[in-house]
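Each chain is listed here by its residues.
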Amino acid sequence: MKIFSKDELKYFDGKEGRPAYVAYKGRVYNVTNSFLWKGGKHMALHVAGCDLTEELKKAPHGDEFIKRFPVVGVLECK
Amino acid sequence: MAKVTREMVERSGVDVDVLLELLIKNAAAELTTYYYYTILRTNLIGLKGEGLKEIAEVARIEDRNHFEALVPRIYELGGKLPDDMKEFHDMSACPPARLPENPTVEEILKVLVEAERCAVREYTQICNMTAGKDHRTYDLALAILNEEIEHESWFSEFLGEGPSGHFMRRGETSPFVSKFLK
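In the order they appear, the protein sequences are chains B and F.
With the numbering used here, you'll find the first sequence wraps up at 78, consecutive numbering, no jumps.
With the numbering used here, you'll find the second sequence wraps up at 1182, consecutive numbering, no jumps.
Since the hints were made in silico from the structure, they are not lab data.
Among the hints, erroneous ones may be present.
Stated by the list, open to error - In silico SDA-like pairs for lysine to any residue, Cα to Cα no more than 25 Å straight-line:
#1 B/Lys41 x F/Phe1067
#2 F/Lys1025 x B/Lys25
#3 F/Lys1086 x B/Cys50
#4 B/Lys38 x B/Lys58
#5 F/Lys1110 x B/Pro70
#6 F/Lys1025 x B/Gly62
#7 F/Lys1025 x F/Lys1110
#8 F/Lys1025 x F/Phe1176
#9 F/Lys1025 x F/Tyr1138
#10 F/Lys1110 x F/Tyr1034
Claimed, not checked - Pair ranges (Cβ atoms, derived):
#11 F/Lys1003 x B/Arg68: 39 to 47 Å
#12 F/Pro1072 x B/Gly39: 26 to 34 Å
#13 B/Lys15 x F/Ser1178: 35 to 43 Å
#14 B/Lys58 x F/Lys1003: 44 to 52 Å
#15 B/Ser5 x F/Asp1090: 29 to 37 Å
A quick note: this is a predicted structure, and the numbers were derived from the prediction, not measured.
Glycine included, C-beta positions come from ideal geometry on N, C-alpha and C.
Please construct the entire structure, taking both the sequences and the accompanying hints into account.
See below:
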């Protein structure tokens, strides 16, 4: 499984045709095909290419939504 | 735009541009839901479906009322609706409530309850953002939230998840939001 550094993850911001990836608890999910992640942005508050572990704690839903997306790698832990 | 209105909200610490984006996305969700619920309601047929048709209709009309109630607040705060209807559809805060491939009553109910649950999450978030800061948006979002919660509980009850705990509407619609429509 591919290991992403935080800098590598930033490339996958969902803009200009790039895929939209987000990290959560060490895993990297591909949200490109989600209706709610069009253009790499979610609900005016969250952007792709980032680790959303902390942000998800404040979201009006649990992690069951993010876990529905395909895992494409893991986030380098350093 | 109501300049002082916006200024007061900004001074309270709310990011008005983010709030506006959320309000516009939720207005899009309400209007598109009104459209998709028209199709869902039409397909609630047969002995089981007929009794649900009127309840889906109430939710459909109330969602349209939510759209109507949101629009003035968007403009008061200096926002606007997109010129392009397709753009508006695609920015919705909730996924399209499309007719399922196998449109049984139960499958349609699942679409209805998921749409309402999305709305409950969204208005909870707007209430959390605006509580004690932007009183008018909070009041509006809370009124809409009250109705979305009731919609969710009705459809949840029909899916066998437990009692809704209250009655269906009796003649009127939008008991919470109607004050914003006058």
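Here is how each hint holds up against the structure:
| no. | hint | result |
| --- | --- | --- |
| 1 | B/Lys41 x F/Phe1067 | holds, 23 Å |
| 2 | F/Lys1025 x B/Lys25 | violated, 28 Å |
| 3 | F/Lys1086 x B/Cys50 | violated, 29 Å |
| 4 | B/Lys38 x B/Lys58 | holds, 21 Å |
| 5 | F/Lys1110 x B/Pro70 | holds, 23 Å |
| 6 | F/Lys1025 x B/Gly62 | holds, 21 Å |
| 7 | F/Lys1025 x F/Lys1110 | holds, 22 Å |
| 8 | F/Lys1025 x F/Phe1176 | holds, 21 Å |
| 9 | F/Lys1025 x F/Tyr1138 | holds, 16 Å |
| 10 | F/Lys1110 x F/Tyr1034 | holds, 16 Å |
| 11 | F/Lys1003 x B/Arg68: 39 to 47 Å | holds, 43 Å |
| 12 | F/Pro1072 x B/Gly39: 26 to 34 Å | holds, 27 Å |
| 13 | B/Lys15 x F/Ser1178: 35 to 43 Å | holds, 42 Å |
| 14 | B/Lys58 x F/Lys1003: 44 to 52 Å | violated, 30 Å |
| 15 | B/Ser5 x F/Asp1090: 29 to 37 Å | holds, 32 Å |
The earlier numbered hints that this structure contradicts are 2, 3, 14.
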